[in-house]
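Novice: Let's have the full structure, built from the sequences with the hints guiding it.
Chains as they are written, first to last, in our numbering: chain D, 1 to 159; chain F, 160 to 658.
Careful: at least some of the hints might be erroneous.
Unchecked claim - Computed list of chain F residues with no C-beta within reach of chain D, every gap over 10 Å: (1) Lys193; (2) Asp361; (3) Ile628.
Unchecked claim - 20 Å max Cα-Cα, derived SDA-like pairs, lysine to any residue: (4) Lys615(F) to Gly66(D); (5) Lys31(D) to Val12(D); (6) Lys96(D) to Pro616(F); (7) Lys39(D) to Asn634(F); (8) Lys589(F) to Arg562(F); (9) Lys10(D) to Glu618(F); (10) Lys520(F) to Glu68(D); (11) Lys127(D) to Ile344(F); (12) Lys520(F) to Gly66(D); (13) Lys188(F) to Lys242(F); (14) Lys520(F) to Glu72(D); (15) Lys520(F) to Thr70(D); (16) Lys127(D) to Ser349(F); (17) Lys96(D) to Leu622(F); (18) Lys520(F) to Lys31(D); (19) Lys367(F) to Ser349(F); (20) Lys127(D) to Glu342(F); (21) Lys170(F) to Ile267(F); (22) Lys96(D) to Gln370(F); (23) Lys520(F) to Glu59(D); (24) Lys10(D) to Pro616(F); (25) Lys589(F) to Val104(D); (26) Lys520(F) to Phe548(F); (27) Lys39(D) to Lys242(F); (28) Lys4(D) to Ser349(F); (29) Lys109(D) to Glu342(F); (30) Lys4(D) to Thr162(F); (31) Lys31(D) to Leu622(F); (32) Lys2(D) to Arg562(F); (33) Lys39(D) to Gln636(F).
What the hints assert, rightly or not - Derived Cβ-Cβ restraints for the label pairs, each shown as a range: (34) Gly87(D) to Asn512(F): 17 to 27 Å; (35) Ile344(F) to Thr133(D): 37 to 47 Å; (36) Ala264(F) to Asp153(D): 25 to 35 Å; (37) Arg20(D) to Thr595(F): 42 to 52 Å; (38) Thr201(F) to Asp150(D): 22 to 32 Å; (39) Gly87(D) to Lys449(F): 24 to 34 Å; (40) Asp509(F) to Asp153(D): 20 to 30 Å.
It should be emphasised that the hints constitute simulated quantities derived from the structure, not laboratory data.
Fair warning: this is a prediction, and the values are worked out from it, not measured in the lab.
Just so it is clear, CB atoms sit at the ideal spot from N, CA and C, and this is done for glycine as well.
Below are the chains, spelled out letter by letter.
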Amino acid sequence: MKKKLIINSKEVEIDLSLNRDGKVEFTFNGKQYSFSNRKVDSVSQYISGDLNALVSSFENNFIVDGREMTIESPLRSRSKSNASSGGHMQSPMPGKILQVLVKVGDVVKEGDSLIVMEAMKMEHTIKANADGTISAIHFSEGQQCAGGVDLVDLSQEEA
Amino acid sequence: MSTEILNKIDKILIANRGEIALRVMKTCKEMGIKSVTIYTETEKSYPHSYLSDESFSLGMGPLSETYLNHEKIIEIAKVSGAKAIHPGYGFLSENSVFAKKVTDAGLIFIGPTPHSMEIMGDKKTSKVEMEKIKIPLIPGYHGDDQSESVLKAAAIDIGFPVLVKASAGGGGKGMRIVWKEEEFIEALASAKREALNSFGNDIVLIEKFIQNPRHIEVQVMSDTHGNHLHFFERECSIQRRHQKVVEETPSKALDDKLRKSICETAVAISSGINYKGAGTVEFIMDADGKFFFLEMNTRLQVEHPITEMVTNSDLVRLQILVAAGLELPMKQQEISQNGHAIEVRIYSEDPDNNFMPAIGKIGHVGTPTLNNVRLDSGYVDGNEVTIDFDPMLAKLICWGVDRDSAISKTLHSLNEVKFLGVTTNRDYLKRIVNTTPFREGDTFTHFIDTYSDLLKPVETTDLEIAAGIASFLTNSQTEDTTKSETVQAWNRLQGFRNI
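Specialist: This is how it looks when you write it as structure tokens:
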């Protein structure tokens, strides 16, 4: 049975052939895997077979022998892309806008400082992620902003 | 001795939160002293709010109305019948005005005198004072004239790179390295702004920036009977954003002669200003073993546990003893370093994305299982990590018979202390202590920038991901079949036989 999963924010497909009585068999990235597992406490399972490891999980966070990853089903996915994509500079987390260094119409280069914000008592400088012209600024100095919202929009000229 | 202490101090208000409140509470419990804690309305699920003998709500609002509210805290101390206030670190720990108000209210402040705090609390005043007793200082400008042009001229005079530092600062806030003259004005403005926000004061000083320096500090402890002791050094060179992340003692960079010299200099300072209680003298040391006075922290330090592990002492206990007016129960020659201890600070942050602070719910903290490993954490399973407070979740302290053993224990214990549910620097800390330069003791304050290539995340293997998938699939299968749990349980017995 083909099944889609989102692992570390990337969609992957596995082919699941067995998942019963603590035994799991599936194909992932062209390779067949077979594991047995048993629950050891409220957050951990002992996985044995192709790899013997303690796996702990909480919600979509998994730790395999100390290595962290996120695994979730596409239907229940709670992660959204929070990386600022070209043209939109987003707040990394909730905070306060301290300084707006540009105005609409300014021509900026990738890496130029646009906004200084304070979050968790530290200053963070929001920089341009591409060359372009400032097309919109969504916050002014002193305002509080949520995490993952657009702060500044950039229009990129067609070369 | 304990009756002598209890006659003076039988109840302590801990004017702090998180791991340090719990740390102070532990010693109180060990000494039979009652502890009183304070918390804000959003912190009712955090252990510092319910593990003490009594706790009081500070209500809600900005820090100035809660953990920094002098009057409210002193009022709570009086209402609860506490005899003394322990400020922990941060917050009011180095606030001489608060210390004075505490004493004026007839309570004991567990810390130095307001006078010592004033001398050392301001980086400028402290340096003037140090010059008087001939303690080596870094070339710099510590003047009152704070105009942009004067500061810039001073920077040029000292020679780039320079460090712009908030005079009232600490923890890397209000601090900027300036490499070139052209960058000076912007960096100055930013440092001043951050200083004003964090400390309510934007006076800065400028110093020669020493490249590849080590951060070495000495733990001192003085009583009111003229005994000024040291508990040896700590090396805290591994820093990110000027904040310490890995600390260890003893330092690999000191030989016996240098160790003696730096520790004696620290004691010359504590005795020179007639200090009282626990303090830390911070030095910066260059590659030739030349060291300069940086500042003195007039409080318990975040990284104090490594000193406790290696010298087999309880620094909070000694603080309380001194505050009760007793004599320190040991002589300098009775204090020695045994084995090696490393502390790593676990932060809720993403080291692979510019150390961006992270928030979330802690599903599972985890417990270290090796001997002589200590986890000082302010969080328990189910606690939310919010943006309201410092992103430090916990300190993991590992003691080993030697440095290699302490490193092995740190690597192992970081796997056990999971903080599942929140993005942390746990894996990053493992990468740091596992690098060849760290293992060889090649540590300096730009370690993280210099060796960034060695600190890149190691790609998770397909096999590791597959093990994660196996766990995920079993979890989701369990979820889907919870209704037929009983049937399942019987099915699982199929493999067993009575023999």
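Novice: Mind checking the alpha carbons of lysine 109(D) and glutamate 342(F) for me, to see if they're no more than 20 Å apart?
Specialist: Since the Cα atoms of lysine 109(D) and glutamate 342(F) sit roughly 17 Å apart, the hinted pair holds (cutoff 20 Å).
Novice: Checking one constraint from the list: CA of lysine 520(F) to CA of phenylalanine 548(F), max 20 Å. Satisfied?
Specialist: holds (14 Å)
Novice: Hint says 42 to 52 Å; check whether the CB-CB distance for arginine 20(D) and threonine 595(F) agrees.
Specialist: For arginine 20(D) and threonine 595(F) the Cβ distance comes to about 46 Å; the hint holds.
Novice: Confirm or reject the claim that isoleucine 344(F) and threonine 133(D) have a C-beta distance inside 37 to 47 Å.
Specialist: Violated - the Cβ-Cβ distance for isoleucine 344(F) and threonine 133(D), about 26 Å, lies outside 37 to 47 Å.
Novice: Holds or violated: lysine 96(D) with proline 616(F), Cα cutoff 20 Å?
Specialist: violated (30 Å)
Novice: For the pair supplied as a hint, lysine 520(F) and glutamate 68(D), confirm whether the alpha-carbon distance does not exceed 20 Å.
Specialist: At roughly 16 Å apart (the allowed maximum being 20 Å), glutamate 68(D) and lysine 520(F) satisfy the hint.
Novice: Does lysine 193(F) sit more than 10 Å from chain D, CB to CB?
Specialist: Answer for lysine 193(F): holds, closest chain D Cβ roughly 32 Å.
Novice: Starting from the hint 22 to 32 Å, judge whether the C-beta atoms of threonine 201(F) and aspartate 150(D) obey it.
Specialist: holds (28 Å)
Novice: Against the 20 Å threshold, does the CA-CA distance of lysine 589(F) and valine 104(D) hold or violate the hint?
Specialist: Answer violated: lysine 589(F) to valine 104(D) is near 44 Å, above 20 Å.
Novice: Does the alpha-carbon distance linking lysine 127(D) and glutamate 342(F) stay inside the 20 Å limit?
Specialist: Measuring from Cα to Cα gives roughly 16 Å; hence the hint holds.
Novice: Given the hinted pair lysine 39(D) and glutamine 636(F), is their Cα-Cα distance within 20 Å?
Specialist: It holds: about 13 Å lies between the C-alpha atoms, which stays within 20 Å.
Novice: Hinted pair, alpha-carbon criterion (20 Å max): lysine 10(D), glutamate 618(F). Please report holds or violated.
Specialist: holds (14 Å)
Hint compliance for this structure: hints 3, 6, 17, 18, 22, 25, 27, 28, 30, 32, 35, 36, 39 are not met, and every other hint is.
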